[in-house]
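Chains as they are written, first to last, in the working numbering: chain A, 1 to 411; chain B, 1 to 257.
No wet-lab data here; the hints were simulated from the structure.
Backbone N, C-alpha and C fix where the C-beta goes; we use that ideal spot for every residue, glycine too.
Some hints could be false.
Computed spacing ranges between beta-carbons, pair by pair [claimed, not checked]:
#	chain 1	residue 1	chain 2	residue 2	range
1	B	S87	A	G116	22 to 32 Å
2	A	N70	B	S19	24 to 34 Å
3	A	A105	B	S19	46 to 56 Å
4	A	G116	B	V21	25 to 35 Å
5	B	G234	A	K67	48 to 58 Å
6	B	S19	A	V114	22 to 32 Å
7	A	R106	B	V21	50 to 60 Å
8	B	T199	A	R106	51 to 61 Å
9	A	V114	B	V21	23 to 33 Å
10	A	T306	B	V21	45 to 55 Å
11	B	M183	A	A105	56 to 66 Å
One side only, chain A facing chain B, incomplete, derived with CB under 10 Å [to be verified]:
#	residue
12	K67
13	K82
14	A140
15	L142
16	N168
17	L169
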Amino acid sequence: MIEAVGLTKRYGDKTAVYNLSFQVRPGAVTGFLGPNGSGKSTTMRMILGLDNPTAGQVTIGGYPYRKLPNAPRQVGALLDAKAVHGGRSARNHLLSLAQLSGIPARRVDEVLGVVGLHDVARRRSKGFSLGMGQRLGIAAALLGDPQVLLFDEPVNGLDPEGILWVRNLMKSLAAEGRTVFVSSHLMSEMALTADHLIVIGRGQLMADMSVTDFISANSADFARVRTPDSEPQQREKLSVAITEAGGHVLPEQDGALRVTGLPLPRISDIAHDSDVRLWELSPHQASLEEAYMRMTQGAVDYRSTTDQKAGLQQPLPPGAQPPVPVPGQGQPGWYAPPPPQQGGQPFTPQGTPSQAPAGPYGAPGVPGAAPGAQAPNPYAQPAPQAPAGPAPAAPPPSAPSADLTKPEDAR
Amino acid sequence: MAATQVVRSEWTKIRSVASTVWTLSLAVVVTIALGMLISALSRSEFDSMSTRDRLSFDPTFISFAGMSLGQLAMIVFGVLVVSNEYSTGMIRASLAAVPKRGTFLFSKLAVATALALVVSMATSFAAFFLGQAMLGEHKASLGDEGVLRAVIGGGLYMTLIALFSMGVAAMLRSPMLSLGILMPFFFLISNILGNVDATKKVGRFLPDQAGSRIMQVVPPLDDDTPYGPWGGLGIMALWVAAAILGGYVLLKRRDAQ
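Based on the provided sequences and hints, a complete structural model is requested.
Rendered as structure tokens:
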């Protein structure tokens with residue numbers, strides 16, 4: 001059991017972790033999610049007593065790490081796969097760590113077998129690939145057969161087979177009753193591995209709940225409705241009818257409609273009453289990835305912009321089309337649907353439905369653009385140093401681009 | 001956390017990297033070879049020396065002439081032993097395994113110092129005997145007064161240089177920064193300060209100037225050094241203790257980066 005209370009870490013005037021409180025329980029894989037630079041590794045280092053917290057404390061089994069009796073036999077950690085002397089062989093690296101904790105040399109050969117490195121055990125780790133380095137780091141964490149395991153980005157650089165292996169390893173370790181704490185920035189990976197999630201952004205807690213709760217609380221259910229392509233007037237007609245019935249409509253790029261706020265049978269009835277034929281009426285749920293992206297949208301420190309290639313591009317020949325931008329690049333809102341509402345109306349009525357502004361690569365998920373922005377969002381703790389964060393201060397939906405740049409400016 | 005476990009682990013670490021073998025063998029070879037060369041040159045020049053120079057002719061000290069270069073390899077050894085942990089990031093794994101940082105640092109220093117002591121003593125004796133062989137009829141023998149002290153002192157001097165470097169590296173953490181400060185200091189600055197009249201009085205309290213006093217058997221004629229051979233080594237030991245203390249305090253307080 002890992003328990004953090006009011007954990008805070010400042011480096012100079014930069015706050016890496018602020019007032020973080022959580023518990024990591026045994027018998028489950030707990031995913032630790034956050035964008036790059038959100039304080040995951042700093043938190044991990046504080047758990048291991050490598051960094052001293054500026055305020056608050058974190059304990060393992062009731063002890064701060066540096067006071068924990070026989071710590072290396074109780075806690076195993078993979079912090080950085082590259083933290084190996086390149087001139088030392090894998091076996092000697094593990095042997096030196098084993099000897100530190102009084103672990104017999106036999107165990108070194110065992111864990112080398114467990115991670116599949118026995119064939120290269122006597123080679124210098126300088127020549128290891130990133131995936132081999134990760135395996136070596138995992139071997140080091142397993143050395144002491146500890147009850148508490150910490151893994152910082154364990155699947156980085158692993159091939160699909162390796163990722164599957166790590167996933168099963170985490171699950172089996174947790175099934176043996178151990179405490180497994182895994183950080184990642186890949187929500188999709190955590191959705192498959194973790195039972196419980198702790199999400200941080202800019203060093204602050206954003207969510208602490210089971211994966212199933214996370215999905216149901218964060219994903220916006222919607223219905224996809226498709227009318228015959230050949231008759232756009234039918235689509236117009238249905239949009240108006242659904243809006244009148246209290247639903248919300250958002251056109252998708254391929255001509256389908258995203259409908260929220262109405263159950264599927266009701267949509268079917270409305271279509272029937274309006275005399276509109278349907279090609280598709282299907283229930284959908286936003287993925288965990290989308291939910292995570294939306295949650296952390298305001299807390300992303302490093303965001304790419306579209307490459308304008310100023311002064312490098314030839315002027316387009318007359319009549320040529322400018323290249324279509326890569327979806328998602330420089331447009332952070334692209335993946336994320338708007339935040340869900342308690343009232344079940346996730347989408348903004350933006351003008352009349354037919355002229356809703358979602359172009360092919362527009363940002364349908366402008367953070368905080370929903371009408372119910374005041375509705376209590378259980379995960380969005382007010383961010384003191386980022387007043388322009390996602391939900392609380394919502395700018396008018398007509399200015400999405402201005403809104404998207406704000407969190408960066410506020411740094 | 002038993003210190004013996006840490007000592008065993010540190011021994012595994014130190015013997016499993018190539019830099020240990022390279023730096024230590026370089027220290028041995030350079031010290032002995034340069035000592036032999038300068039001894040041979042001194043022998044052929046002895047006849048053309050002035051009386052004054054002949055009176056202060058110190059065959060023991062001359063055979064240790066290679067130490068001025070050999071100590072640089074010792075510095076590299078000391079710096080790498082400690083700063084490797086930081087430059088590779090291994091320090092995080094090490095300190096996670098040994099939460100008591102004092103135990104970790106002192107075990108590491110003990111292992112590296114023991115190894116350096118063995119190598120230094122062997123080097124010192126080898127440099128002495130081979131140097132004396134080059135000096136021919138001007139040679140000193142181990143039984144002469146103060147010679148055994150000088151030869152053992154030479155081994156201690158090299159060991160202390162390595163230990164001093166470890167302390168500095170523990171404070172600075174970066175191998176480049178540590179070497180960039182220690183190498184020019186011991187190779188140039190200390191020599192300049194010790195030979196310019198204005199700074200001589202301060203310069204002779206620097207670690208290498210004070211410590212190398214123990215290798216002198218025949219002091220220079222107008223010697224006004226305010227400390228004896230062991231006093232000089234004591235001054236050097238104080239420098240070493242200060243460097244290690246600084247490294248320990250910083251390691252204890254700082255985040256393990």
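So, going through the hints one by one against the coordinates:
{"no.": "1", "hint": "B/S87 x A/G116: 22 to 32 Å", "verdict": "holds, 28 Å"}
{"no.": "2", "hint": "A/N70 x B/S19: 24 to 34 Å", "verdict": "holds, 32 Å"}
{"no.": "3", "hint": "A/A105 x B/S19: 46 to 56 Å", "verdict": "violated, 24 Å"}
{"no.": "4", "hint": "A/G116 x B/V21: 25 to 35 Å", "verdict": "holds, 31 Å"}
{"no.": "5", "hint": "B/G234 x A/K67: 48 to 58 Å", "verdict": "violated, 38 Å"}
{"no.": "6", "hint": "B/S19 x A/V114: 22 to 32 Å", "verdict": "holds, 30 Å"}
{"no.": "7", "hint": "A/R106 x B/V21: 50 to 60 Å", "verdict": "violated, 28 Å"}
{"no.": "8", "hint": "B/T199 x A/R106: 51 to 61 Å", "verdict": "holds, 59 Å"}
{"no.": "9", "hint": "A/V114 x B/V21: 23 to 33 Å", "verdict": "holds, 32 Å"}
{"no.": "10", "hint": "A/T306 x B/V21: 45 to 55 Å", "verdict": "holds, 53 Å"}
{"no.": "11", "hint": "B/M183 x A/A105: 56 to 66 Å", "verdict": "violated, 38 Å"}
{"no.": "12", "hint": "K67", "verdict": "holds, 8 Å"}
{"no.": "13", "hint": "K82", "verdict": "holds, 6 Å"}
{"no.": "14", "hint": "A140", "verdict": "holds, 6 Å"}
{"no.": "15", "hint": "L142", "verdict": "violated, 13 Å"}
{"no.": "16", "hint": "N168", "verdict": "violated, 24 Å"}
{"no.": "17", "hint": "L169", "verdict": "violated, 19 Å"}
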